[in-house]
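Chain residues, written in single-letter form:
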Amino acid sequence: MGELIVKDKEIVVPGQELAVGMDYLPTGGAFRENDKIISCQLGLINISGRLIKVIPLKGKYIPKKNDIVIGKIMNMSFSNWFIDIGCPSEAVLSFVNTNEYIDKGADLAQYYSFGDVIAAKISKVTRSSVDLSMKDGPGLKKLVGGKIVNVAPSKVPRIIGKQGSMITMIKEMLNCRMMVGQNGLVWMQGMPENELIATRAIRMIEDNAHLEGLTDKIKEFIENENKKLGVKNVQEKI
Amino acid sequence: MYKKRFDDRKFDELRPISAKTGVVKRADGSAMFRIGNTVALAAVYGPRELYPKFLQSPEKGILRCNYNMMSFSGAGERVRPGPTRRSKEISLVMEKALLPVLDLSDYPNAVIDVFVELLQTDAGTRCAGITAAAMALADAGIPMKDLVSSISVGLVGNTVVVDLNKEEEDYEEGSVDIPIAMTPRTNELTLLQLDGIISKDKLLEALQLGKKACQEIYKIQQKALKESYSVAGGKNE
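Chains as they are written, first to last, in the working numbering: chain A, 1 to 238; chain B, 1 to 237.
Any given hint could be a false lead.
Unchecked claim - With a straight-line Cα cutoff of 25 Å, these simulated BS3-like cross-link-like pairs (lysine-lysine) come out:
| # | chain 1 | residue 1 | chain 2 | residue 2 |
| --- | --- | --- | --- | --- |
| 1 | A | Lys36 | B | Lys223 |
| 2 | A | Lys162 | A | Lys9 |
| 3 | A | Lys147 | A | Lys171 |
| 4 | A | Lys104 | A | Lys135 |
| 5 | B | Lys60 | A | Lys9 |
| 6 | B | Lys226 | A | Lys36 |
| 7 | A | Lys53 | B | Lys145 |
| 8 | A | Lys64 | B | Lys60 |
| 9 | A | Lys72 | B | Lys25 |
| 10 | B | Lys25 | A | Lys7 |
| 11 | B | Lys223 | A | Lys7 |
Derived from the structure by calculation, the hints contain no laboratory data.
The model shown is predicted, which means the values in this text are computed figures rather than measured ones.
Modelling step: build the complete structure from the supplied sequences, incorporating the hints.
Here it is as C-alpha cells:
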C-alpha cells in the first residue's frame, strides 16, 4: 500500500521523501527512486488524485510554448533579433514573424533596435533554441515608454489572478496600461504616481503570494493610496 | 593525549550552528551558514548563458564554484586577496562535491555560478562553504536530487573528534583533518580529503561520527530553507 508522507501545500526541500509505494505518481519537480517519490526542488506540494507535483517557489523562467513574454533586444543579425527573456538561452525572433512588413535585406535596427522592449509569444521551444512570434495575439508589439517591474516567474499566476481578476482590477483602479509576461516582467504605463502605486501593489502580491484573499487586500491598499493621493492633489491645488 | 577539548565540547559535539537563506537579495539564490566562528556566505547566479563560448557544453550546463576568504577573515593576519593555489583547489573540490546531486542536462550551454565568501574563518571553511552552497542552490530553484551536508572530522592527539576548530587543527601533538561531504538521504560521500596520518580503524570511526554530524546539519539546512518561506510568505496554508 502506498503511503503519503507530506501534506498538500506543504513546503518541501530537494531530497525530501514525499510518498512511499507505487500508488502515487511523480510529475513536475519530483522523481521516483525505487518505491519512493522524492522532491527535486524547493517548492509547494500539490496533490491531485494520484499525482504528486512540486510547484517551485523560485527559479529561472522555463520557456513554454504559447507563453506571452516580455523581453529586451540584446543582439541582431541580418534576419533575426536575439532577445533576453530571462531564461538560460537567448530567444530568437525572425523578421518574418513580426507583425510589420519588412523587406528582405532591410536594416532591422529601423524596426526594433538594441535595448527596445517587446512583447511576443513563444512559438517553439527546442533544446537548443526558443523561437518567438509577434504575429498572433493582441498586444504583441514594441512597448514604448512606461515602466518595467521584475518579479519571480513563479509568482506570475498570482499577479494575473483567476481569469485575470487581479491585473484587471489594478489596471482599472489606477488607470494604467499593463502587460504581464510569463517570464516575470510586468510592463505598465500611466500617470507616474499611479505607476508607483501599481509597483508597490505588485511587490505586495509578490511578498504575500502564499496568502488567500489577496485581491481584496490589494483593492484595499490601492483605495487607501488613491485617497492619500486625492488629499494631496487637493492641497496642491489650494 | 587529548582528553578535554579546548572549548569544552564533547568529542562528537558540533559547534553552535545557525543558517539562513535569501540573504543576498540580488542573487538568484543565497545562503549563510555559520558554525562556531566560521561564517560562509554563498550566492548562486544562473543558470545563465556561459561566456566565453568555448567553455560551453552543448550536452549539459556546467557548475562553476568560487571559494574566497575575505582579507579580514583570518585570525590576525591579513589574507591576500585574489585567487591562490589553495582557493583554486578548494573551488574545484567544492564543485566536485556538489555536482553529484545536480542534474544540469536541462541547461545546455549554460552555467551556474556559485560564489562562496568566507567572512570569518576558524577551520572547517570548505565544509561550511559546501553546506552553504547546497542551500543556496536549492534556494535558487535548481533541480537537485538531494542536498549536500558537510563537516570536518579528524584526529586531535590520538582522539577522534568532530568539527575541529583552528586551535585543534594546530594541536602541538599533531592532528589529522578530514573534511567530508555527503548526501544525507542516500548517505553517499561526495568529498573526502585527508591531511595527515591515520589508522584504518580511526578513519572508519571518524567517518561514522561524520555521518551522524551530517544528519544533524541536514536538519538545520532543511529548517532554514523552509523557514525563509514561511516567514516571508505568511502561513504555510
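Pairwise hint evaluation, Lys36(A) against Lys226(B), where the allowed Cα distance is 25 Å at most: OK: Lys226(B) and Lys36(A) at ~21 Å, within 25 Å.
Pairwise hint evaluation, Lys60(B) against Lys64(A), where the allowed Cα distance is 25 Å at most: At roughly 19 Å apart (the allowed maximum being 25 Å), Lys60(B) and Lys64(A) satisfy the hint.
Lys162(A) paired with Lys9(A) [C-alpha distance capped at 25 Å]: OK: Lys162(A) and Lys9(A) at ~19 Å, within 25 Å.
Holds or violated: Lys36(A) to Lys223(B), with C-alpha atoms at most 25 Å apart: holds (22 Å)
Pair hint outcome, Lys53(A) versus Lys145(B) [Cα-Cα no greater than 25 Å]: It holds: about 15 Å lies between the C-alpha atoms, which stays within 25 Å.
Pair hint Lys60(B) and Lys9(A), alpha-carbon separation not exceeding 25 Å: Violated. Lys60(B) to Lys9(A) sits at ~32 Å, over the 25 Å cutoff.
Pair hint Lys72(A) and Lys25(B), alpha-carbon separation not exceeding 25 Å: Between Lys72(A) and Lys25(B) the Cα gap is close to 22 Å, so the pair holds against 25 Å.
25 Å Cα cutoff - pair Lys104(A), Lys135(A): Holds, at about 18 Å.
Proposed proximity, Lys7(A) with Lys25(B) (alpha carbon, max 25 Å): Judged against 25 Å, a Cα distance of about 30 Å means the pair is violated.
Satisfaction of hint between Lys171(A) and Lys147(A), Cα-Cα up to 25 Å: holds (14 Å)
Pair hint Lys223(B) and Lys7(A), alpha-carbon separation not exceeding 25 Å: holds (17 Å)
Going down the numbered hints, you'll see the structure goes against 5 and 10, while the others check out.
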